[in-house]
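Listed in order, the protein sequences are those of chains A and B.
Heads up, the first sequence is in the numbering used here, so the first residue is 1 and it goes up one at a time.
Heads up, the second sequence is in the numbering used here, so the first residue is 1 and it goes up one at a time.
Check each hint, because a few of them may be wrong.
In the SDA-like style, the derived pairs of lysine to any residue whose C-alpha atoms are separated by at most 25 Å in a straight line are [claimed, not checked]:
#1 A:K122 x B:S16
#2 B:K17 x A:R196
#3 B:K221 x B:G267
#4 B:K17 x A:D124
#5 B:K221 x A:M140
#6 A:K128 x B:G91
#7 B:K17 x A:I239
#8 A:K244 x A:S259
#9 A:K128 x B:G267
#10 A:K122 x B:L22
#11 B:K202 x B:R107
#12 B:K17 x A:W203
#13 B:K17 x A:T133
#14 B:K17 x A:S259
#15 A:K122 x B:K221
#16 A:K244 x B:G267
#17 A:K68 x B:K17
#18 A:K122 x B:F14
#19 B:K17 x A:D198
#20 B:K17 x B:S7
#21 A:K128 x A:M140
#22 A:K128 x B:K221
FYI, nobody ran anything at the bench for these hints, they're computed from the structure.
Note that the coordinates shown come from a computational prediction; the quantities given were computed from them, not determined experimentally.
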Amino acid sequence: MTDISLDRRAGGSLPSGGAGADARIRLREQVIALVTHLLLVIFAFIAFGAMMWMVLASFKSASEIIAKPPTFLPEAPTLESYALILREQAFGRFFLNSIFVALPSVLLILFSSSIAGFVFAKFDFPAKEVIFTIILSTLMVPPAVTLLPLFRLVSRLGWADTYQALIIPVCVSAFGIFLLRQFMEGLPSELLDAGRIDGASNWWIYRHIVLPLSVSALSALAIFSFLANWDSYLWPLVIIYEEKMRTLPLGLAYLLGWSSRPRYDLFLTGAVITVVPVVVFYSFFQSRFVRGVTLTGLKY
Amino acid sequence: MAATNLSERRLARFWSKYGFVLAVLVPILLWFSIFSFGPILYALYASLTNTHSLDPSRARFVGLDNYISLLDDRRFLASMSNVFRFVLVKGILNIVLSLGLALLLERLRRGRNFYLFFIFMPVVISQVAVAMLFLWLYDPRLGLINYLLSLVEIPPQSFIRSTAQAIYSVAIADVWKTYGYAAVIFLAGLLDIPQDYYEAAKVDGATRLQTLWRVTLPLLKNPLVLVMVLIVIDGVQHFTMVQVMTGGGPADSTLMPSILVYNYGLGANNYRMGYACAISFIMFVVIMAITVFQLRLFRSLYD
Numbered sequence: 001m002t003d004i005s006l007d008r009r010a011g012g013s014l015p016s017g018g019a020g021a022d023a024r025i026r027l028r029e030q031v032i033a034l035v036t037h038l039l040l041v042i043f044a045f046i047a048f049g050a051m052m053w054m055v056l057a058s059f060k061s062a063s064e065i066i067a068k069p070p071t072f073l074p075e076a077p078t079l080e081s082y083a084l085i086l087r088e089q090a091f092g093r094f095f096l097n098s099i100f101v102a103l104p105s106v107l108l109i110l111f112s113s114s115i116a117g118f119v120f121a122k123f124d125f126p127a128k129e130v131i132f133t134i135i136l137s138t139l140m141v142p143p144a145v146t147l148l149p150l151f152r153l154v155s156r157l158g159w160a161d162t163y164q165a166l167i168i169p170v171c172v173s174a175f176g177i178f179l180l181r182q183f184m185e186g187l188p189s190e191l192l193d194a195g196r197i198d199g200a201s202n203w204w205i206y207r208h209i210v211l212p213l214s215v216s217a218l219s220a221l222a223i224f225s226f227l228a229n230w231d232s233y234l235w236p237l238v239i240i241y242e243e244k245m246r247t248l249p250l251g252l253a254y255l256l257g258w259s260s261r262p263r264y265d266l267f268l269t270g271a272v273i274t275v276v277p278v279v280v281f282y283s284f285f286q287s288r289f290v291r292g293v294t295l296t297g298l299k300y
Numbered sequence: 001m002a003a004t005n006l007s008e009r010r011l012a013r014f015w016s017k018y019g020f021v022l023a024v025l026v027p028i029l030l031w032f033s034i035f036s037f038g039p040i041l042y043a044l045y046a047s048l049t050n051t052h053s054l055d056p057s058r059a060r061f062v063g064l065d066n067y068i069s070l071l072d073d074r075r076f077l078a079s080m081s082n083v084f085r086f087v088l089v090k091g092i093l094n095i096v097l098s099l100g101l102a103l104l105l106e107r108l109r110r111g112r113n114f115y116l117f118f119i120f121m122p123v124v125i126s127q128v129a130v131a132m133l134f135l136w137l138y139d140p141r142l143g144l145i146n147y148l149l150s151l152v153e154i155p156p157q158s159f160i161r162s163t164a165q166a167i168y169s170v171a172i173a174d175v176w177k178t179y180g181y182a183a184v185i186f187l188a189g190l191l192d193i194p195q196d197y198y199e200a201a202k203v204d205g206a207t208r209l210q211t212l213w214r215v216t217l218p219l220l221k222n223p224l225v226l227v228m229v230l231i232v233i234d235g236v237q238h239f240t241m242v243q244v245m246t247g248g249g250p251a252d253s254t255l256m257p258s259i260l261v262y263n264y265g266l267g268a269n270n271y272r273m274g275y276a277c278a279i280s281f282i283m284f285v286v287i288m289a290i291t292v293f294q295l296r297l298f299r300s301l302y303d
């Protein structure tokens, strides 16, 4: 898919109620516009309202959260559930773990995808398409297939409860290689040849010509691999035993077994801690996130 | 002497031509062999043995026994019928909502990004966090949804605690999180349709519904195929939200194949790696079959 912005393509527009249109048609258009906005407000409210409800709940006391009827705004705003979750459940550590895993994973994915994408896009060599197809076909394989063999392999390497167990098995992405190849095939070869005539090495061309021109594809890949990594649950669940090595999703899920009664105050506060960095990041780069969907369009 | 010179020169030429390619591809392919192809082939092999997850030493080759036993495994059959319902509900709701939303957003002249900002937000947040939120919303006694139902005099529902409602409840939670993604794909497709097509339909006197059915949807073929394939792939291998919200219960009513792979493979008193790998391969085959079927279906429908 090509990178298209979420605006109507140039040329041609809906015939609007111009000079000849009578008032009835214009009124109808206005009613339709009003209904459109009303429906969109409902859509937006269902998405955002539920999240705001969660954020507000994290500032309520444990008893207020389960009060009937439920309160919307916290009656007596308090940080007690944050204090509790940080004291009892090492959520600060989980947060750092998630960062220590996500950042290197994303950087390695960006590097490996871009340099392999460059090779597949701009070099000719025997069996190129065969190799590429084999790599791409791994996208069809559900993670459940490799789960147990990887568990056996990584355990035998002695990597259980380490950061590399969460980084190395995800640091190359077939999807990323596919995406960057597609993108780099669109880069003009003349630019690369100009560098070659000047005697530049392939590494130099990659570093100084190809990478800077691929920023839009790389940022889309960075966003999606970061989200996938931050969200990752099944693999850490399998390979992490020690509490201090848990990532945020894992720490959050373990809250369920922490007490016999559901502790919604902790569930929601933990969820907010997990979500906030992503939402802040998203708020600054919303259009990049949304455009990333149309650019990647394949996998999340 | 001359011969070595020649082969040396040939080697130098080979190196200058393919050196960079090799330097990149060898490590990449090594990684794939160790962390992707290798494990896939190993899983296929393991599915033909009775290997224990933690102790491979006593593994015995059993042929297709695992696959044959699966046909009688009530839990496996339950997981297949559950995932079928899950994908069906998720697919229908997801496509109806996201397409409807995209059609609404397309009508706007301004403010598209404003609405998208809110609607897309659930897509970016963690599945475990969404599961936590819905655990609370669905709580029969304390949850917001039963409270809202009580305002309109509807008796409280059990949602994820009832065998009848659980699978639909988790599917709805999943739709809440994911439909914004499909909406963006549809919106991009809609904005790509040249306006002349609509004007032509208008000149021909087509109603709104006819225009949607005869002009818009056929032109949305590619995004539709993409979204449907994504929903099936995503749905068949779903793990996280269901595992966190229900763990497959109550009474296996939300058991998913992925959860079963995890339980059989690494659950206490199980560790039946060979058996679990057989389930994962069936998932793989199902995903491939449905994907190919969907692509064929769409090709025959619209070409």
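key: Hints violated by the structure (listed by number, smallest first)   = 3, 6, 7, 9, 14, 15, 17 and 22
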